[in-house]
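Number of protein chains: 2
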Amino acid sequence: MTDHVWTTRKDTGVKKLDKADLQRIDAWWRAANYLSVGQIYLLDNPLMRTPLSKDHVKPRLLGHWGTTPGLNFLYAHLNRVIDERSQPALFITGPGHGGPGLVANTYLEGSYSERYPQISQDADGLRKLFKQFSFPGGIPSHVAPETPGSIHEGGELGYALSHAYGAAFDNKDLLVFTVIGDGEAETGPLATSWHGNKFANPATDGVVLPVLHLNGYKIANPTVLARIGQDELDALMRGYGHTPYVFTAGFDDEAPESVHRRFAELLDEVMDAIAGIKAKAEKQGAQNAERPMWPMIVFRTPKGWTGPKKIDGKVTEGHWRSHQVPLSSARDTDEHLQDLSDWLSSYRPDELFDDEGRLLDDIASLAPEGELRMGASSYANGGLRRIDLKLSDFRDHAVKVSEPGGEIAEATKVLGTWLGDVMRDNPDNFRIFGPDETASNRLQGVYESTDKQWLGDYEPNDEGDPMARVGKVVEMLSEHQCQGWLEGYLLTGRHGLMSSYEAFIHIVDSMFNQHAKWLKVTNEIPWRSPISSLNYLLSSHVWRQDHNGFSHQDPGFIDHVVNKKAEIVRVYLPPDANTLLSTFDHVLRTTQYVNVVVAGKQPGPVWLSMDEAIKHCTRGLGIWEWAGTEQPGENPDVVLGCAGDIPTIEVLAAAKILRERIPDLRVRVVNVVDLMRLQDAREHPHGLSDREFDTIFTADTPIVFAYHGYPWLIHRLTYRRNGHDNLHVRGFKEEGTTTTPFDMVMRNDLDRYHLVIDVLDRVPGLSSRYAGLRQEMQDARLEARMHAYEHGEDIDEVQDWVWSDSGDTGKSKGGPQTTGGDND
Amino acid sequence: MTDHVWTTRKDTGVKKLDKADLQRIDAWWRAANYLSVGQIYLLDNPLMRTPLSKDHVKPRLLGHWGTTPGLNFLYAHLNRVIDERSQPALFITGPGHGGPGLVANTYLEGSYSERYPQISQDADGLRKLFKQFSFPGGIPSHVAPETPGSIHEGGELGYALSHAYGAAFDNKDLLVFTVIGDGEAETGPLATSWHGNKFANPATDGVVLPVLHLNGYKIANPTVLARIGQDELDALMRGYGHTPYVFTAGFDDEAPESVHRRFAELLDEVMDAIAGIKAKAEKQGAQNAERPMWPMIVFRTPKGWTGPKKIDGKVTEGHWRSHQVPLSSARDTDEHLQDLSDWLSSYRPDELFDDEGRLLDDIASLAPEGELRMGASSYANGGLRRIDLKLSDFRDHAVKVSEPGGEIAEATKVLGTWLGDVMRDNPDNFRIFGPDETASNRLQGVYESTDKQWLGDYEPNDEGDPMARVGKVVEMLSEHQCQGWLEGYLLTGRHGLMSSYEAFIHIVDSMFNQHAKWLKVTNEIPWRSPISSLNYLLSSHVWRQDHNGFSHQDPGFIDHVVNKKAEIVRVYLPPDANTLLSTFDHVLRTTQYVNVVVAGKQPGPVWLSMDEAIKHCTRGLGIWEWAGTEQPGENPDVVLGCAGDIPTIEVLAAAKILRERIPDLRVRVVNVVDLMRLQDAREHPHGLSDREFDTIFTADTPIVFAYHGYPWLIHRLTYRRNGHDNLHVRGFKEEGTTTTPFDMVMRNDLDRYHLVIDVLDRVPGLSSRYAGLRQEMQDARLEARMHAYEHGEDIDEVQDWVWSDSGDTGKSKGGPQTTGGDND
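Chains as they are written, first to last, in the UniProt record's numbering: chain X, 1 to 824; chain Y, 1 to 824.
Hints listed in this document are in silico derivations from the structure and should not be mistaken for laboratory results.
Hints are not guaranteed to be accurate.
The list makes no distinction among identical chains, and a pair is therefore deemed to hold if it is satisfied within one copy or across any two copies.
Unchecked claim - The calculated SDA-like cross-link candidates involving lysine to any residue, where the alpha carbons are at most 25 Å apart (straight line), are:
no., residue 1, residue 2
1, 520, 559
2, 131, 785
3, 54, 786
4, 198, 231
5, 310, 466
6, 128, 795
7, 131, 786
8, 309, 465
Extracted from the complex, chain X is given alone in its bound form (with noise of 0.2 Å):
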């Protein structure tokens, strides 16, 4: 890493100001605007030497032309400021809508050609650059995986600002200039991510330098924040924790060099107060750094600046109709073509380029150098950053076993024990990020290494909190923030997790939709390097949220997950703590993945030691030999299958209870971690072969699996498969509520008694010879259901395998909670 130094300009020792540094930013961004403007609309003719003719039209107009301006003029004017401080920058472009300024700005700075060098920067790669965008075969037309420079698509808006705090944590010497769009400043993850700034510490962590670019409108309506009064807007500014710079332009007649002038002053007033905290902070020590009033600006600028003032007697710039394509006819009518000819030209062209199309040195000497240009930041391409995690030996934190379920442990606590090795082995590259779960879902262990970083206000009362200045966890009560801010900090390079209720993770489902396709795109995009697979950790699970009810009982994350490219998603459900380990460990390894890993965090049986975990957790799947009945070289008369720590559970009680009633039974146990491995093969690269399905399966053996989430995912992933006619699948069908553990189990047919049930009605014959067991499965079902409603808790036969602690009250334990929360 740089030992770079945050500078005020004074101290850069530049000399001032003049007219001609000026005229380079309005050359800039003239030339900025003119490739924007020429890529929505041209197929041909980049340079407009010969008169604009329909023929160098694109027959289809895509793109946005609304944020581009804006965006160009802040690109320009930041060039001129990472020059002179020599300051690490990364641009995230919340209207992702203005790709075609990032592919503009880029080009003129060089990294785009640098990385597409067909692209080059002449008049051929002018033509190339204008017809490939938007444009089948060629680029997308918002700030996507494509875009040297980005980390962010803004396609779904509303992320801009956690995307940019998840990339200044740990990277002290990095300003992120984030812009957001008016619009979507209304979104709620953009609201709440303001507050970021109370968790980033101004010593150790990067600055994010928010420009909420107030261009007046959305799609089809004046946005929420352009009308109300600017006394309110400062006020929500201040209240959020910063303090606002407030530029408003193009509204007049003034003078370019003035506009630019004005900005440039307070472009330089703004980083000159973040060297100041910078300073500040330093003088202080991380460990005692305050959280100062962070600069921002309001970029208040018309909609569609530079262009069409009117287009058909209907005002253009400064209104809605700005957004998209404000000509729409250019290549239809002869008043629309001369509108688009005058538009470009208005920016003077062959005042920037000359005749090979190049842009002119001068103008050209405005961009920084080297990895300075924001298009050619690594940070903006975090798989070049990456470093490994040096990962400790996880076996040492195992859970000794002498036989099967013979000791009993809280799998995710056991977890947090290795994951706080793995932060103090990590301290610069590895955060923890979750809505104030991280305890609750007993991962306190890290805490040990660590602690929560927290720069709001600290009281007395907090003594004996894991809360620091300093801290790689990150906790706010915003799925949206969490998910951000590990996206941003992987994206810059480094490692992660997200720890949540399983529940409520589909808060980001379409976030988790977003990063999933940018992971897809960037597979494609040979320059991009791979980045740390971004892991969910996610507990509280359906089956264990039996007293906060219905609204915390939700599987349906990973149906959600599964829905996305084979190549990008991993599904894992360890049964117990060892496997978790095991599991943790893999996943941690991993590149461009998402990783689901849905595990308890109750006290539960560990089934196998930790090396069987290992080679179960490898195979992904198994038979458990040790738990079922079946002769070698005999086929079993009926397959168990589970997924998930509690179906593992009631598939074990089940076993157990046929092989005492029914010796002569052949069963066969078989568990999954690995959820993909069900899938076909062709369909996934973790899948099972059909042979090998059915080697583990059998082809027309009754199948019983007991599936944590909702049964018909199963029969998705296997619906192909030779045994699928056999299979019959329990799992949550949506019946939950506040009441037992075991309860919760019955009500959705999960429980032991009713697998027997189902092995009972599903092998040939044993329906009659067995009707008594039947009954008595029943009878069990009855009493204890009649138990729990009598007396509040479950009867202690189905305790058996640890339904006891399962209150969150801390009973069992004998005492008062002390280590945290224990569930919302």
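We have chain X; now place chain Y onto it with these hints.
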């Protein structure tokens, strides 16, 4: 509706607050707190008239104390205000964990026992009240549907204020008292929902009074808003458009009377301010009413207020340790049992309840009467207030077709014209909510009858835009906000729909979950009246986001929805304008469902006359004889199934090719509108019986099915069908980018040419006989792609049936965009 007058206290003529008033409030508060603690801990001995023993304590202690005393305090004070001013009010409990508090208050006011007579207002009722809480067979721990007066569960946090504004719209007499936990305040949806005040009209809508319950802690962390300076918090609230009234209590030894007096006076001041705003708006008139700075209350009190100060030497009151069950060993240790006994006794139950266990009359008199009791409000049981929509004849808006596909229409635009009628005829109880996409989704016809409600500032450029201070379309760029508003609107007895892009509706996956769960539970509660269905109109769908690219392409919301209970969810894919009309006429008449309707906004063929469309929609699916080539009485050689507008176009084009090129092939075309028809009749009320399914799809003929979304959903819905082994599904397989519309379908092998190849591959004998046709189809695909890559648009051949206008640029309309934004 009552002819309510918003009054200042002075206007009401009630006497000045005296000591007795304040004592009554305090007594109510103590009673509510006592009942809350009792619910969490006690199995018996509800009046503590004998010494507490371990047997009186529940074996599993489940619930949340922390937020409860604050809620109880607010409820007590609000009782007085409601009573004095005859003010209809709804209490929205953002911190839904405070379930015991709301149960306690509604019990005290009598509305609980009216709903649940077995929970009588005597000692026996008290015992049952205590036992049932968070107990198997009892009631949930949250403010759930079972709780009288609730429209908001609050298990998943973030939606209290959106629900509140939804409830307030068009309920001008209603006060929506909305408690927001400071944990919830950190969520994204809540953070933006404050801006609801820019959409509420002070004359025609009700009043939302937000109370930020600043008790300082979440599960295991302090909250952000409690740990910023009061100046920042004030600024934030002012920035949100509110005047904050700050109340702090509980951190010192202030006498209860003084505490109550201060809050009572503050609440009167706030209510008087509201009355002033209402009076002013009345004077200005609805069309000119200005957005005021609405009051809000910052309510800073200790978490677990009045609970144990310390437990085992650790600070508990005013700390996160109060979040859940602070005395978790009350049944296990003498010390904790004594603590519990002391805690309960501190409320002096003997002064609150008589020997029979009835609340003393004087205390009970604090509650208002009848429906003014918040637990008895019909606003909170909206089905009681619901009036069927007046629906004019949608057939008047039908597109007249002479032959299938003979007319071209934009389906959603046609729907919009009829919805305009609906809005005209139901001006007070029908609204459309959307994230800035109503016009983009082509529903602009509604602006013939109404406007977009907008209380932000106006500018001269707004002229001509359908914005007004009163309007029934509400647009803010937050799917969360729109969904929350719609839910609140429906839950209080009105009708509406949400219009959104298909891909981004995933943003509210989790909100949908919670609403679906709410509906499922209310179905089981006799006193809950049915509310209108929640209707989604999803347009700008996966196949027509070719210009916005991959980030905008996702059809997975349907998959998400069908995980919920079959009796709740309905999914429709009308293939054209007339079927869309018929579908919407149906869904607007339904109750207690979530209806998902996916429809195109681009010009597309109209296949069916209105009469045919009605019949087709009534059946939900059907054979389109005119499109196929089967002979009466003969079985088809192949079935081409389709669901969705684009798949329908491609299937019909494929059928045409087959008709022309293999005239003797007997092809059956089946179109599916109601997706749930595919499911088994035993699994979904709309499901076909196996016999019906076989009649339509056959049991043994190859089926090539072109589906709008992810193909495996069709497998999931049909895996038990006889014909399933012959079913081959094409759909979106996550291959998207910025390209042409036809390239989009080609990338996913859903195009007509590929469907023909699929038929050749699947009907025995065809593959070898028609090798030439196969090659031709492959050539046609190649040619179509090459053309697109070269020219940027689709070839004419595939532009039949309306590809041409899909670029959203208005090109083929030969003019510029003038009617609202087109696409984001």
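Going through the hints against the structure:
| no. | hint | result |
| --- | --- | --- |
| 1 | 520 <-> 559 | both (18 Å within a copy, 21 Å between copies) |
| 2 | 131 <-> 785 | between (69 Å within a copy, 16 Å between copies) |
| 3 | 54 <-> 786 | between (81 Å within a copy, 22 Å between copies) |
| 4 | 198 <-> 231 | both (23 Å within a copy, 15 Å between copies) |
| 5 | 310 <-> 466 | between (59 Å within a copy, 20 Å between copies) |
| 6 | 128 <-> 795 | between (73 Å within a copy, 22 Å between copies) |
| 7 | 131 <-> 786 | between (72 Å within a copy, 15 Å between copies) |
| 8 | 309 <-> 465 | between (59 Å within a copy, 18 Å between copies) |
Going through the hint list in order, the structure satisfies each hint without exception.
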